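A.B. asks: Going down the list, the protein sequences come from chains A and V.
Counting from 1, one number per residue, gives the positions in the first sequence under UniProt numbering.
Counting from 1, one number per residue, gives the positions in the second sequence under UniProt numbering.
Derived by calculation from the structure, the hints in this document are not laboratory data.
Keep in mind it's a predicted model, so treat the numbers as computed, not measured.
Treat the hints loosely; a few may be bogus.
To be verified - Stretches of chain A that chain V covers, calculated by requiring three or more beta carbons in the stretch to come under 8 angstroms of a beta carbon on chain V: (1) 18–24; (2) 88–94; (3) 103–109; (4) 177–189.
Backbone N, C-alpha and C fix where the C-beta goes; we use that ideal spot for every residue, glycine too.
Next come the chains, spelled out residue by residue.
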Amino acid sequence: MSEPLLVLDNVTKNYGAIEALKGISFSIGKGEVVALLGDNGAGKSTLVKIIAGGLEPTSGRMLFEGKEFLARSPAEAKAAGIETVYQDLSLCTNVDVVANFFMGREITRKFLGVPVLDEPAMEQVVEKALASAGTRIPSLRTNVEHLSGGQRQAIELNRFVHFGGKLVLLDEPFAALGIEQTRRGLDMIRQVARQGIGVVIITHIMQQAFQVADRIVVIRQGVVAGDVARNKTSPDAVIDMITGETLAGAGPAG
Amino acid sequence: MRQPDQHMSPRTRHALEFVLDNLVWFMLVFVLVVFSIAIPNYFQLGIFANIIEASSVLGVMSIGLALVIITGHMDLSVESVAALSAMAVGILFCSAGIGLGVQLHPEWLMVPVSLLIALAVGGIIGAINGYLVVKVKMSAFIITLASYIWVRGLVLVISGGRSAQDLAPAIRWFGIQRLLGLPLTAWIAIACFVAFSLIMAKTPFGRHLIMIGGNETATFRAGIRVHRNLVIAFVLAGAIAGLAGWLLAIRTSGATANLGVGLLFNAFAAVVIGGVSLKGGVGTLPGVYAGVLLLSAINTAINLMGLPANFTQVIHGLLVLAAVLLDAFKQTIRQRLA
Chain A
1 MSEPLLVLDN VTKNYGAIEA LKGISFSIGK GEVVALLGDN GAGKSTLVKI IAGGLEPTSG
61 RMLFEGKEFL ARSPAEAKAA GIETVYQDLS LCTNVDVVAN FFMGREITRK FLGVPVLDEP
121 AMEQVVEKAL ASAGTRIPSL RTNVEHLSGG QRQAIELNRF VHFGGKLVLL DEPFAALGIE
181 QTRRGLDMIR QVARQGIGVV IITHIMQQAF QVADRIVVIR QGVVAGDVAR NKTSPDAVID
241 MITGETLAGA GPAG
Chain V
1 MRQPDQHMSP RTRHALEFVL DNLVWFMLVF VLVVFSIAIP NYFQLGIFAN IIEASSVLGV
61 MSIGLALVII TGHMDLSVES VAALSAMAVG ILFCSAGIGL GVQLHPEWLM VPVSLLIALA
121 VGGIIGAING YLVVKVKMSA FIITLASYIW VRGLVLVISG GRSAQDLAPA IRWFGIQRLL
181 GLPLTAWIAI ACFVAFSLIM AKTPFGRHLI MIGGNETATF RAGIRVHRNL VIAFVLAGAI
241 AGLAGWLLAI RTSGATANLG VGLLFNAFAA VVIGGVSLKG GVGTLPGVYA GVLLLSAINT
301 AINLMGLPAN FTQVIHGLLV LAAVLLDAFK QTIRQRLA
């Protein structure tokens, strides 16, 4: 395996007496695509939020590029180079496509010492990014509220492809996409991974996991129930891990 | 989405969108034309100057209120904050009543000092509001309702219910000196609208406020420092209300304990008529200014027609209702345009 980008070491998360994560340990390599699978309520989204800075773990530690890492806010995770696409879309529908694409990192130029939005420059970047991904949106100046679910998701996907960073977390990114758009999305993920960016993708759809992932990590009841290379397992074996029929192929403990 | 709209040419569509975006300006022009035709003596430069002049305090206050509403929150305290700032300035720089008659040399120094005091008083209360909203995570409506009450109480306490009169001439100069027919106080209001309109439309800070109003979670996830931005918005709303109080003190050449009572609801009316959605994320400051001018134009008409002043309140109330209905109507049209 390539050099580990992110290592999780016995990460736990309690909500009061409820143990959402009972101790998760696995790692993601540079340029590696890891599919995170598990039944509803297994703790996948909690785990993503912990890595992305939306939640703090109760205990355990994380190493990012070999250094101790804990994001206290999404801003900190972003600064470290972790991009996240959430299950429920994170767009502001009251502003246009360009504003959403650059949310929080607008291109500015100084006018009398005051940072001013450089709209033409931003529009150009978005135009290029969307065109190269084959996404068609009639006008980049329409507010997102007028766009379809697929177009909205395309904005988010193109956003992470463009800004890249070092690690990308995708929480069910294709929920609103059609077949063709999903295929293109999976291509995007491979393309991003080829640039040496680590990708964690949460999905419910076994077929997607097997199409795109290098490694499959299964979470069940807050622990890692399986951690296997894609080419060394089969959908049936993974389903067994998800439902708890067998622990065969479980990764190294701890 | 609907069939007929598929045939709409891009040009008609753009025109229609332009009208929708600036509807309140069209309403203002319409109202001015109607009044000019229908009411004798309405069509005069002096009347128009008066409309602008009379709306300066309300206009400035509406800016702060609009900022906070656009971020998806609420500030009911602006009226009381303006009164407290006015009272602070009044007590320090008035020479009659409860005024202490503080003199500074040179005299012009009283202008920046009084202005800074007014802004600081407002800014501090805004900071308290913002801190409570962000850190204690209570509803801004409740917190600023409390501020609305306790700040007004503070005005009564420090004034003992009495008033301060005869503001220092150096400060009052702003209300007397005219430039192109308008007093400097009106120019200050206009300058504020221009400055904050630019901030909202052209800077990342303004863009972030609008986006926070649209989807706070999304902006937080995108790494925008939502809490910091919100506190700044509340501090700005407070400081702007402080400026409104300063203008109010100049206008009345002092301060009374019940100064500015009722301004909050006029500010609300102006903001809503100006196209700001109470749900947050929608609205522009030029629109709010048009809303302020619209209210002022109607007030002036009522005065000129010799109607009892009590009618104004009825008309303002109906206008707010009309504005909300219009907003809903605009939404439907927009959805069809999409």
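A.B. asks: It remains to establish, for every hint, whether it holds in the given structure.
C.D. replies: Here is what the structure says about each hint:
no.: 1; hint: 18–24; in the structure: violated (count 0)
no.: 2; hint: 88–94; in the structure: holds (count 6)
no.: 3; hint: 103–109; in the structure: holds (count 5)
no.: 4; hint: 177–189; in the structure: violated (count 0)
Going through the hint list in order, the structure does not satisfy hints 1 and 4.
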